[in-house]
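Undergrad: So you can see what is in the structure, the chains are spelled out below.
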Amino acid sequence: MSQKYYQKEIETMSAEDMKQLQSEKLVKQVKHVYDNVPYYKKLMDEKGVRPEDIHGIEDLHKLPFLTKADLRDAYPYGLLAKPLEDCVRIQSTSGTTGRRVVAFYTQHDVDLWEDCCARAITAAGGTKSDVCQVAYGYGLFTGGPGLNGGSHKVGCLTLPMSSGNTDRQIQFMMDLSATILCCTPSYAAYIGETLKEQGYKPEDIPLKAGIFGAEPWTDEMRRSIEATLGIKAYDIYGLTETTGPGVAFECSEQTGMHINEDHFYAEIIDPETGEVLPEGSKGELVFTSLDKEAFPMLRYRTRDICVLSRKKCSCGRTLVKMAKPMGRTDDMLIIRGVNVFPSQIETVLLNEGYEPNYQIIVDRVSNNDTFEINVEMTQGVFTDKVSEILAMEKSLANAMKTMLGINPTIHLVAPKSISRSEGKAVRVIDKRKLI
Amino acid sequence: MAIRQLTVFVENKRGTIVSVTDTLSRHNVNIRALSIAETEDFGILRLIVNDEATAVKTLEDEGYLIKITEVVGVKIGDAPGKLTAALKVLDDANVNIEYLYAFMARTEKHAYVVLRVENNAEAEAILENAGFHLITNADIEKL
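Order-wise, the sequence lines are chains A and B. Start counting the first sequence at -1; every next residue gets the next number (this note's numbering). Start counting the second sequence at 29; every next residue gets the next number (this note's numbering).
If you're looking for bench data, these hints aren't it; they were derived computationally from the structure. Keep in mind it's a predicted model, so treat the numbers as computed, not measured. Beta carbons: idealized from backbone N, C-alpha and C, even for Gly. Check each hint, because a few of them may be wrong.
For each label pair, taking beta carbons as the anchor points, the in silico distance ranges come out as [as the list claims (entries may be wrong)]:
no. : chain 1 : residue 1 : chain 2 : residue 2 : range
1   : A       : ASP329    : B       : GLU169    : 51 to 61 Å
2   : A       : ALA389    : B       : ARG54     : 54 to 64 Å
3   : A       : ALA389    : B       : GLY91     : 20 to 30 Å
4   : B       : ALA153    : A       : GLY137    : 52 to 62 Å
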């Protein structure tokens, strides 16, 4: 039997009731953080805010922001709000110690995260009769574990494929008649192209829906994936800092993602002044967790530029919708679903004996991200032996892979050949057209 | 004893080699021998020149990355089998050759081979013991 909502009561709640629910949860969440996270208590004390000042959602703006820098300063346990013995899981982003986010979960936190993913799968038409192929990476990355858990909650037969090994993906998809595919949009496009090359037509492919996220993609790319695979493609949004995928998800209307705002309250702020902007304004997306135990985030600045909308949705959900993020307020790149900061590349270059003269070139060819790094050759590593230079280039590529979690193609270029405008080198050339 | 070789890093792009040789010719530097090793992205230009100091200065002024490497120079007869004979001596002594290139003299009926090995002194001793005549930058100037 088809089911439209996973948690109907919440997903179709009136604005008034939702505000009431959020307010009750926020008061408790703030107290929980204040009592258990000295790092955030200090931020609140410095701002002169006490938990008693927070009576409901209308008081949220009084609280201080948390940023990536705070996560760095507090790494690894500084923002933990529960004893480690109560935690059952960690998930993490790639990166250096400073850039890496390690998020902790109690069983309650895992459950609420999986509920969020279950809502996303249900919104994409998933029921217990479906076969859900999860081709996001499993492991520290939140993609695989999140959708895997959501799929279990819905009751789908779950294929925990993880990413890669496309031939095996296709074999399982065809042999076991997978009906829902969860992965990054670029991997979905790649699987689609491979199926096409193998002679499969859209009508031969058992899939009916795809839930694709963890990287920016255009509507054009969506239409192309939908046509190749013969499916309807749904967007999903999330970040490890708040929980992982499922913070927001798309419904059949495909006009933005419903935020699971009973767990994550969204604000849009002016990135310069920090001032909260009215609905419909473009600004930086800020999330406040409302009922997380181990790793609560109060007013976490995502650096994603976004717009919120409370326009009535044809799917019947009343949850606020966020547009696809339109950019970043920092220099983070998302390449093949992985967050990449130029500073990580700089660190690797210095460790490997190169000067930090580099240029990142990102493009999207046949719906797949290409990732190249031009590195200026320097005296320290230059030799007359090609074999030695190639060995060093390989070692550099390995170090990049270890740091970033993805493989760039390295090109060694002549010293001072990387163009500098106004004396400052252009570090990133992103040729992808994502908006 | 060894020969000093100039190594220049160039990108594997059109026009890069000519710009190096042009820089040298504008400063009256004469190239005695040259070899190129290339990969998809870059090339390594190895040169033996008559005026190292000027070559280094002018190329560095133009922003080139340069390295001086000492290599072994050996004189061989200009006849079939002569190169093989020299290489065989080294091979028999388990000397690994990273790369080599050869050039001819303008006047004498001899060829010259430039060898890049791990240990110059060792390779030189082996060649000399086998009766080969080694050459230096100064010898090259007289050719």
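Undergrad: Now, for every hint given, state plainly whether the structure supports it.
TA: To see whether the hints hold, each was checked on the structure:
1. ASP329(A) to GLU169(B): 51 to 61 Å: Since ASP329(A) and GLU169(B) have Cβ atoms about 54 Å apart, the given range 51 to 61 Å holds.
2. ALA389(A) to ARG54(B): 54 to 64 Å: violated (35 Å)
3. ALA389(A) to GLY91(B): 20 to 30 Å: holds (25 Å)
4. ALA153(B) to GLY137(A): 52 to 62 Å: holds (56 Å)
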